[in-house]
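Protein chains in written order, with my numbering: chain D, 1 to 333; chain S, 1 to 333; chain W, 1 to 211; chain V, 1 to 211.
Calculated directly from the structure, the hints in this document are not laboratory data. Computed from a prediction, not measured in an experiment: that's the story for all the values here. Treat the hints loosely; a few may be bogus.
Not everything, but these chain D residues come out facing chain S in the computed CB check (under 10 Å) [unchecked claim]: (1) MET1; (2) GLY20; (3) ALA22; (4) ASN32; (5) LEU270; (6) GLU279; (7) LYS283; (8) ALA284; (9) GLY285; (10) GLY304; (11) GLY332.
Straight-line C-alpha distance at most 30 Å; calculated DSSO-like pairs for lysine-lysine [as the list claims (entries may be wrong)]: (12) LYS228(S) to LYS2(D); (13) LYS311(S) to LYS250(D); (14) LYS28(D) to LYS2(S); (15) LYS99(V) to LYS140(V); (16) LYS92(D) to LYS99(W); (17) LYS230(S) to LYS2(D); (18) LYS99(V) to LYS228(D); (19) LYS202(S) to LYS287(D); (20) LYS28(D) to LYS250(S); (21) LYS99(W) to LYS202(D); (22) LYS250(S) to LYS2(D); (23) LYS92(S) to LYS24(V); (24) LYS99(V) to LYS92(S); (25) LYS140(V) to LYS92(S); (26) LYS99(W) to LYS113(W); (27) LYS2(S) to LYS2(D); (28) LYS143(W) to LYS60(W); (29) LYS2(D) to LYS24(W); (30) LYS2(S) to LYS140(D); (31) LYS123(W) to LYS92(D); (32) LYS202(D) to LYS228(S); (33) LYS230(D) to LYS202(S).
Which bits of chain D does chain W cover? Going by a derived footprint, with three or more residues having C-beta under 8 Å, they are [what the hints assert, rightly or not]: (34) 110 to 122; (35) 160 to 172; (36) 198 to 207.
Note that the Cβ used here is the ideal one computed from N, Cα and C, for glycine as well.
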Amino acid sequence: MKKLINSPENVVLESITGLGAAFSDIIKVHTNPNFITRADAPVKGKVALVSGGGSGHEPMHGGFVGRGMLDAACPGAVFTSPTPDQMYEATKAVNGGNGVLHIVKNYTGDVMNFEMAADLARAETIEVEAVVIDDDVAVKDSLYTAGRRGVGATVLAEKICGAAAEAGSSLKEVAALCHKVNANGRSMGMALTSCTVPHVGKPTFDLPEDEMEIGIGIHGEPGRTRTKLKSADEITEILLGPIVEDLPFKSGNEVLLFVNSMGGTPLLELFVVYRKAHEILTKAGIKVTRSLVGPYITSLEMAGTSITVLKLDDELTRLWDAPVLTPGLRWGT
Amino acid sequence: MKKLINSPENVVLESITGLGAAFSDIIKVHTNPNFITRADAPVKGKVALVSGGGSGHEPMHGGFVGRGMLDAACPGAVFTSPTPDQMYEATKAVNGGNGVLHIVKNYTGDVMNFEMAADLARAETIEVEAVVIDDDVAVKDSLYTAGRRGVGATVLAEKICGAAAEAGSSLKEVAALCHKVNANGRSMGMALTSCTVPHVGKPTFDLPEDEMEIGIGIHGEPGRTRTKLKSADEITEILLGPIVEDLPFKSGNEVLLFVNSMGGTPLLELFVVYRKAHEILTKAGIKVTRSLVGPYITSLEMAGTSITVLKLDDELTRLWDAPVLTPGLRWGT
Amino acid sequence: MSNISKDKFISWIERYAGHIADQKDYLTELDSAIGDADHGANMHRGFQAVLAKKADLQNKDVGGLFKIVAMTLIQTVGGASGALYGTFFLQASTAAGAKPELSPAEFGTVLDKGLAGIVLRGKAAVGDKTMVDALQPAIKAYKYSIGAGEDLQKALESATVAAEEGLRSTIPIVARKGRASYLGERSAGHADPGATSTVLLFRAAAETLSL
Amino acid sequence: MSNISKDKFISWIERYAGHIADQKDYLTELDSAIGDADHGANMHRGFQAVLAKKADLQNKDVGGLFKIVAMTLIQTVGGASGALYGTFFLQASTAAGAKPELSPAEFGTVLDKGLAGIVLRGKAAVGDKTMVDALQPAIKAYKYSIGAGEDLQKALESATVAAEEGLRSTIPIVARKGRASYLGERSAGHADPGATSTVLLFRAAAETLSL
Ligand SMILES: Nc1ncnc2c1ncn2[C@@H]1O[C@H](COP(=O)(O)OP(=O)(O)O)[C@@H](O)[C@H]1O
Ligand SMILES: Nc1ncnc2c1ncn2[C@@H]1O[C@H](COP(=O)(O)OP(=O)(O)O)[C@@H](O)[C@H]1O
Ligand SMILES: [Mg+2]
Ligand SMILES: [Mg+2]
Ligand SMILES: [Mg+2]
Ligand SMILES: [Mg+2]
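Starting from the given sequences, assemble the full structure and let the hints guide the process.
Take a look at the structure:
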């Protein structure tokens with residue numbers, strides 16, 4: 001295993017310590033339990049947003065803490081959802097008196113640990129709402145299964161809901177907005193390579209030189225299907241097709257196109273994918289009015305990409321454009 | 001070779017086309033010859049900044065075109081310096097009447113091709129100054145050699161000089177400022193893995209599981225020495241030691257600490273390195289007052305890191321903080 | 001039939017922590033195939049933390065003992081298994097209460113309550129390819145055996161056998177719960193990591209509780 | 001001794017383009033060891049572009065012919081080799097001027113001017129481990145041979161041999177110019193890519209100019 005770490009046990013703690021040192025003006029890092037809050041938390045009277053999940057997806061979530069986005073993020077061990085005490089302490093630390101929204105990616109572990117944290121917080125009369133993000137079209141949805149995974153739409157939901165909370169929306173309103181983003185966003189991802197979890201020391205799966213995984217999540221897990229390697233244009237079609245069909249996105253829609261790197265795919269390649277995705281949507285009469293391109297929700301050093309498309313309306317566009325000041329996303333300030 | 005591309009021949013053109021589509025509000029992409037300009041170029045009366053180099057270093061340079069940074073960037077083939085006609089056309093396109101500064105990384109090919117372009121532009125009475133960046137302490141400097149490579153300090157120079165040009169400084173002033181950044185910045189890099197140039201199809205060099213390259217540049221070339229793999233803290237010391245000695249940086253100095261990913265190293269690991277670098281400098285009485293952490297000057301998907309330290313004064317700090325609006329760096333706007 | 005003392009329960013937990021330590025890499029390997037390669041590390045982190053609390057464990061009744069195990073797992077494991085095994089011991093602790101020891105029959109009820117907690121949290125049924133596939137039949141076998149007047153050792157052994165059968169039954173199943181469900185058809189042909197760690201829980205019981 | 005017609009120079013360029021195409025991967029391999037793995041691709045891109053201009057090449061004098069080669073290389077190759085080989089042919093074109101053919105002696109002067117251009121641009125001297133290490137001795141040998149009254153073919157062959165010796169001499173050298181210089185000691189033990197492509201230039205000449 002080739003990694004810039006000191007030991008698998010310390011990588012998360014040392015990494016968030018570095019994050020805190022680099023962005024002490026924006027965030028504050030708390031340890032045992034580990035969580036990251038806005039430097040100015042709690043913000044009196046503002047609805048607070050708390051998210052979290054396993055580490056290894058950086059900049060998500062810790063890099064999205066700051067004005068106009070999250071109030072707190074709880075990093076678990078690599079690819080392991082955080083523990084209830086982390087979310088419980090974070091919730092208490094950022095509660096500004098108008099309630100706390102938990103933005104939860106739909107993974108059994110995340111959902112259950114956030115539920116337990118919410119129970120603890122509510123027991124102390126903190127008003128907590130939880131919204132579960134499940135935008136991954138690679139997973140067939142069903143009442144009898146764990147359902148779809150939460151992936152790219154999480155980043156967009158955190159930015160958009162953060163803007164609404166900053167603007168003074170109520171907990172009910174921010175929760176409703178979060179459901180709206182989830183309802184209008186769809187994603188799908190693929191991997192050219194696996195990734196190596198530090199405490200495992202070897203790639204989670206082996207992928208031959210001429211094959212790729214389609215329909216992966218963000219935890220280095222294998223995808224729905226393994227196929228022969230294809231060109232960037234073909235891969236973009238394979239990912240975008242199911243996304244467009246699923247919502248469905250229709251001619252005349254205005255959308256945000258988010259092309260994400262799983263970590264190891266460089267921008268040179270990512271923009272080749274963006275170019276094709278933009279072309280396909282445009283040909284279908286779908287207007288790309290906002291874009292996000294880069295590594296924002298990653299699986300360590302995995303090479304691959306995921307595409308997320310979010311249907312926009314004036315409200316979502318305005319909130320997307322609103323100022324944001326975090327280590328990972330910043331504009332308007 | 002596993003890459004999200006359609007063909008090695010088209011990767012650069014398709015990638016800058018995608019970049020242009022994603023950021024049409026900020027930049028304009030011109031083809032044959034290929035160069036990228038600010039959407040509002042030429043800016044009358046403003047000194048224009050032109051840089052360029054081989055592709056594969058994204059976001060540098062194309063991602064740094066926009067208000068407060070570069071007026072134009074010229075992308076060559078992967079790891080191959082662009083041709084004079086690219087810089088010549090870019091220079092003409094962004095010339096606002098008050099002269100054009102060429103920011104050139106010190107590689108024989110880059111220097112010679114920029115020289116030829118400058119000759120062509122001057123022949124048309126465009127005032128052109130060129131500043132060569134050579135901040136890589138891994139290379140011993142000497143009058144009889146090609147000298148040191150231009151690496152991390154290039155990003156800082158483009159940001160700082162861009163701010164000065166935006167504020168109305170003259171060509172002479174901006175050129176002097178560029179020399180100042182180069183004189184006060186030092187860098188060194190290392191690689192955990194090689195990278196694969198698309199038209200070559202296999203890694204530029206082989207690196208055993210337990211070895212690393214110290215003192216690499218940004219073209220996937222091997223470094224000065226190959227050693228056994230070490231911990232993140234040890235590697236940080238190996239890189240930072242020569243940097244601090246070379247300037248030298250002294251107790252009481254205020255600095256900008258730039259920890260860069262070569263492309264394949266994820267943020268989780270990069271912040272482990274940042275943490276140690278920040279600790280070492282602080283212990284030495286060197287005050288880290290500004291930071292930049294992420295993949296900003298890369299070698300395709302190479303795993304590794306480079307550290308750049310820039311000695312700051314009030315002028316450099318103010319210009320660093322000034323608003324910048326580019327695809328790759330954005331704040332204050 | 002003799003009761004199970006608190007000290008026996010302590011040995012049970014310690015033995016289980018030992019099995020987890022031994023099987024850590026194997027559990028992670030199973031999780032690599034259909035999950036995210038952390039089940040072994042998760043369980044090991046949790047039970048090492050439990051061992052570190054050995055002092056507190058000593059001076060507690062059975063309920064208090066399980067409560068410490070529960071809170072420690074909940075606060076150190078994370079993931080699905082942390083919430084689930086944590087809930088299991090939390091419910092078991094409530095059921096056991098302030099007793100210094102449990103009769104084999106009482107222990108059956110305690111296990112039942114633990115299972116109920118897991119099902120309430122995880123909403124998984126037998127056949128979903130989860131730890132429930134091993135836990136439910138194991139407890140059923142244990143209670144049947146005790147009800148039939150067999151001794152504790154016999155009951156724990158048949159529980160272990162049932163757990164192992166339950167584990168084997170997860171192999172052909174296409175997962176409906178947990179991460180493995182994201183793989184669809186591809187999850188078939190692999191044993192469930194959580195069901196595997198559940199087998200170890202009963203094996204440890206059979207090796208400690210009746211002696 | 002018979003002169004070298006413009007058509008012969010065209011065959012020279014075409015033959016060189018062919019050699020580059022054949023040796024493309026080898027040149028890149030050499031550049032992988034001490035450079036950035038693009039010399040073969042760079043030269044190939046450039047000379048394929050030159051071939052594409054075949055039509056224009058036909059109706060030009062020798063100077064015009066070299067001018068087209070120069071501008072095409074400058075605009076399509078990039079890197080150090082683009083600027084250097086481009087400059088070589090640019091200076092050669094000025095020296096050759098509007099002549100329809102060159103005497104072997106005139107060709108020597110033309111080569112000299114090309115070399116001077118490379119040295120002016122790149123500031124490399126023999127021994128720096130660059131193309132100059134092959135180019136300089138090759139031209140020297142060519143001129144010596146012509147001066148000694150040997151025929152063109154003989155002169156081109158001794159030039160090629162001298163280029164090859166120059167190339168071999170680059171192997172042990174620690175580079176002082178170009179990317180290879182960044183490697184310090186590690187650059188020793190490898191042949192210089194540009195010197196290798198220069199050998200091909202003279203080999204192509206010996207295969208075309210005197211026939
Ligand atoms: N809804 C559920 N109900 C019961 N057990 C579950 C459920 N979801 C997952 N599990 C169990 O948890 C195990 C995975 O645990 P672990 O890998 O530690 O957590 P995670 O899946 O969050 O990485 C699975 O093998 C399965 O037995
Ligand atoms: N200053 C110089 N003078 C003469 N030749 C040089 C100089 N620098 C580099 N070269 C030649 O250029 C060759 C490398 O060309 P190429 O790989 O195409 O360009 P780059 O080095 O920019 O990638 C070297 O092998 C060397 O022969
Ligand atoms: Mg997990
Ligand atoms: Mg090159
Ligand atoms: Mg797991
Ligand atoms: Mg080269």
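Checked hints:
1. MET1: 8 Å, holds
2. GLY20: At about 9 Å, which falls below the 10 Å cut-off, the nearest Cβ of chain S leaves the hint on GLY20(D) intact, so it holds.
3. ALA22: 4 Å, holds
4. ASN32: Hint violated; ASN32(D) Cβ to chain S Cβ min 17 Å, cut 10 Å.
5. LEU270: Hint holds; LEU270(D) Cβ to chain S Cβ min 7 Å, cut 10 Å.
6. GLU279: OK, holds: GLU279(D) within 10 Å of chain S, min 8 Å.
7. LYS283: 13 Å, violated
8. ALA284: 15 Å, violated
9. GLY285: Because about 16 Å separates GLY285(D) from the closest Cβ in chain S, which is outside the 10 Å limit, the hint is violated.
10. GLY304: 8 Å, holds
11. GLY332: 7 Å, holds
12. LYS228(S) to LYS2(D): 11 Å, holds
13. LYS311(S) to LYS250(D): Violated - the C-alpha atoms of LYS250(D) and LYS311(S) are around 53 Å apart, more than 30 Å.
14. LYS28(D) to LYS2(S): 39 Å, violated
15. LYS99(V) to LYS140(V): 23 Å, holds
16. LYS92(D) to LYS99(W): Violated, because 35 Å separates the two Cα atoms, which is more than 30 Å.
17. LYS230(S) to LYS2(D): Given pair LYS230(S), LYS2(D) holds - Cα atoms ~10 Å apart, limit 30 Å.
18. LYS99(V) to LYS228(D): 58 Å, violated
19. LYS202(S) to LYS287(D): 39 Å, violated
20. LYS28(D) to LYS250(S): Holds. LYS28(D) to LYS250(S) sits at ~29 Å (cutoff 30 Å).
21. LYS99(W) to LYS202(D): Not satisfied, since the Cα-Cα distance of roughly 46 Å exceeds 30 Å.
22. LYS250(S) to LYS2(D): 33 Å, violated
23. LYS92(S) to LYS24(V): 35 Å, violated
24. LYS99(V) to LYS92(S): 35 Å, violated
25. LYS140(V) to LYS92(S): The given pair, whose Cα atoms are some 42 Å apart, is violated under the 30 Å limit.
26. LYS99(W) to LYS113(W): Satisfied, since the Cα-Cα distance of roughly 16 Å is no more than 30 Å.
27. LYS2(S) to LYS2(D): 19 Å, holds
28. LYS143(W) to LYS60(W): 26 Å, holds
29. LYS2(D) to LYS24(W): 22 Å, holds
30. LYS2(S) to LYS140(D): Holds, at about 28 Å.
31. LYS123(W) to LYS92(D): 28 Å, holds
32. LYS202(D) to LYS228(S): 19 Å, holds
33. LYS230(D) to LYS202(S): Since the Cα atoms of LYS230(D) and LYS202(S) sit roughly 18 Å apart, the hinted pair holds (cutoff 30 Å).
34. 110 to 122: Result for this restraint: holds, n = 4.
35. 160 to 172: With 0 residues in contact (Cβ-Cβ under 8 Å with chain W), the coverage given for the region 160 to 172 of chain D is violated.
36. 198 to 207: holds (count 4)
Violated hints, in rising order: 4, 7, 8, 9, 13, 14, 16, 18, 19, 21, 22, 23, 24, 25, 35; the structure is consistent with all others.
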